[in-house]
Amino acid sequence: MGRGRVQLKRIENKINRQVTFSKRRSGLLKKAHEISVLCDAEVALIVFSTKGKLFEYSTDSGMDRILERYERCSYAERELVANELDQGNWSLEYSKLKAKIEILQKNQRHYMGEDLDSMSLKELQNLEQQLDTALKQIRSRKNQLMYESISELQKKEKALQEQNNQLGKKLKEKEKEVAQQQAQWDQQNQGQSSPTFLLSQSLPSLNIGGSYQEQRGNGGEEERTRPQTTRTNTTLMPPWMV
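By UniProt numbering, the letter at position 71 of the sequence shown is numbered 71, and the numbering carries on one by one without gaps.
Simulated from the structure, these hints should not be mistaken for lab results.
One or more hints might be untrue.
What the hints assert, rightly or not - Simulated DEER-style distance windows between Cβ atoms:
1) I101 x Q163: 50 to 60 angstroms
2) D60 x R10: 34 to 44 angstroms
3) Q18 x Y75: 33 to 43 angstroms
4) T20 x S91: 44 to 54 angstroms
5) Q108 x S151: 31 to 41 angstroms
6) Q130 x I101: 18 to 28 angstroms
7) K142 x L92: 34 to 44 angstroms
8) S91 x T50: 41 to 51 angstroms
9) Q188 x Q163: 30 to 40 angstroms
To be verified - In silico lysine-lysine, DSS-like type, Cα no more than 25 angstroms apart, as pairs:
10) K169 x K155
11) K122 x K106
12) K9 x K51
13) K156 x K136
14) K122 x K136
15) K106 x K136
16) K9 x K53
17) K158 x K172
18) K122 x K100
19) K53 x K23
20) K14 x K51
21) K53 x K31
22) K51 x K31
23) K30 x K9
Just so it is clear, CB atoms sit at the ideal spot from N, CA and C, and this is done for glycine as well.
Based on the sequences and whatever the hints tell you, model everything.
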C-alpha cells in the first residue's frame with residue numbers, strides 16, 4: 001500500500017520544525033550543487049531561518065557576480081514591461097483623445113448650423129436649448145460690461161466737473177485780485193498827477209524892466225523924481241523851469 005499525499009502546512013511543534021528545516025536545508029543545498037555541476041549553471045541560493053540566520057550557496061563565479069547579473073536581467077525585464085505598458089497606455093490615451101476631438105468638432109459644426117441633416121428632433125431641440133442658454137449668458141455678460149463702462153464714464157464726468165468748478169473759482173478770485181490792483185494803481189496815478197496839474201495852472205507871471213524911483217531925503221530937500229522908460233514884458237514860465 002503506497003504512501004498518502006502529505007499536506008503542506010506549517011509544523012506547529014517547534015522541535016520538529018527545526019529538525020525539518022535542517023534536513024530540507026541540507027537537501028536543498030545538495031540539489032543546488034548538483035544542478036550547478038550537472039548542467040554547468042550558475043546557482044545562488046539564499047536561505048534565512050526563523051531566527052534570522054543566513055545560509056547561502058553559490059557556484060565558483062561568486063554570489064556578488066550572480067546577484068549583479070540578476071539585477072541587470074531583472075531591471076531590463078522591468079523596463080521592457082514598463083515600456084510595453086507605456087505603449088499600451090499611450091495607444092489607449094491616443095484613442096480617447098481622438099474620439100474627444102471628433103466629438104468636439106462635430107458639436108462645433110452643429111453650433112455653426114452645419115451637418116444638421118443627421119440629427120433627430122430631440123437632438124435639434126437640445127441644440128436649440130443650448131444655444132438659447134449661451135445667448136442669455138452672452139447678453140448678460142455684455143450688459144454687465146456696458147453698465148461698468150457707463151459707471152466709469154460717469155465717475156470721470158463727475159471728476160472733470162469738480163475740476164472745472166475749482167478752476168472757475170480760482171479764475172474768479174484771480175480776476176478779483178487783478179481788479180483790486182488796478183483800482184490801487186488808478187488811485188496812485190491820480191494822487192501823483194493832481195499837484196503837478198495845480199502847479200501848472202497857478203504859476204505867476206514875471207515882469208521884467210519895470211519903473212523905479214530914486215528918492216532923496218536930506219534936510220527938507222524935495223524929492224527928485226526921474227522919469228524912466230516904462231517897459232513891461234509879461235512872460236509865462238513853462239512848468240519845467242519851476
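Hint check for S151 and Q108 - Cβ pair distance inside 31 to 41 angstroms: 36 angstroms, holds
Distance restraint between K106 and K136, which requires alpha-carbon spacing of 25 angstroms or less: 23 angstroms, holds
Proposed proximity, K53 with K9 (alpha carbon, max 25 angstroms): This hinted pair holds, its Cα atoms lying about 22 angstroms apart.
Agreement of K9 and K51 with the hint, judged by alpha carbon distance not exceeding 25 angstroms: 19 angstroms, holds
25 angstroms Cα cutoff - pair K14, K51: 12 angstroms, holds
Distance restraint between K122 and K106, which requires alpha-carbon spacing of 25 angstroms or less: 17 angstroms, holds
C-beta pair T20, S91: status relative to the range 44 to 54 angstroms that was hinted: Holds - the Cβ-Cβ distance for T20 and S91, about 51 angstroms, lies within 44 to 54 angstroms.
Satisfaction of hint between K23 and K53, Cα-Cα up to 25 angstroms: Measuring from Cα to Cα gives roughly 16 angstroms; hence the hint holds.
Restraint status (C-alpha distance of K122 to K100 at most 25 angstroms): Satisfied, since the Cα-Cα distance of roughly 22 angstroms is no more than 25 angstroms.
Restraint status (C-alpha distance of K122 to K136 at most 25 angstroms): 21 angstroms, holds
Hint consistency between K53 and K31 [alpha-carbon to alpha-carbon, up to 25 angstroms]: Between K53 and K31 the Cα gap is close to 20 angstroms, so the pair holds against 25 angstroms.
CB-CB spacing for R10 and D60 relative to the 34 to 44 angstroms hint: Holds, at about 36 angstroms.
The structure is inconsistent with hint 13 alone, although it conforms to all the rest.
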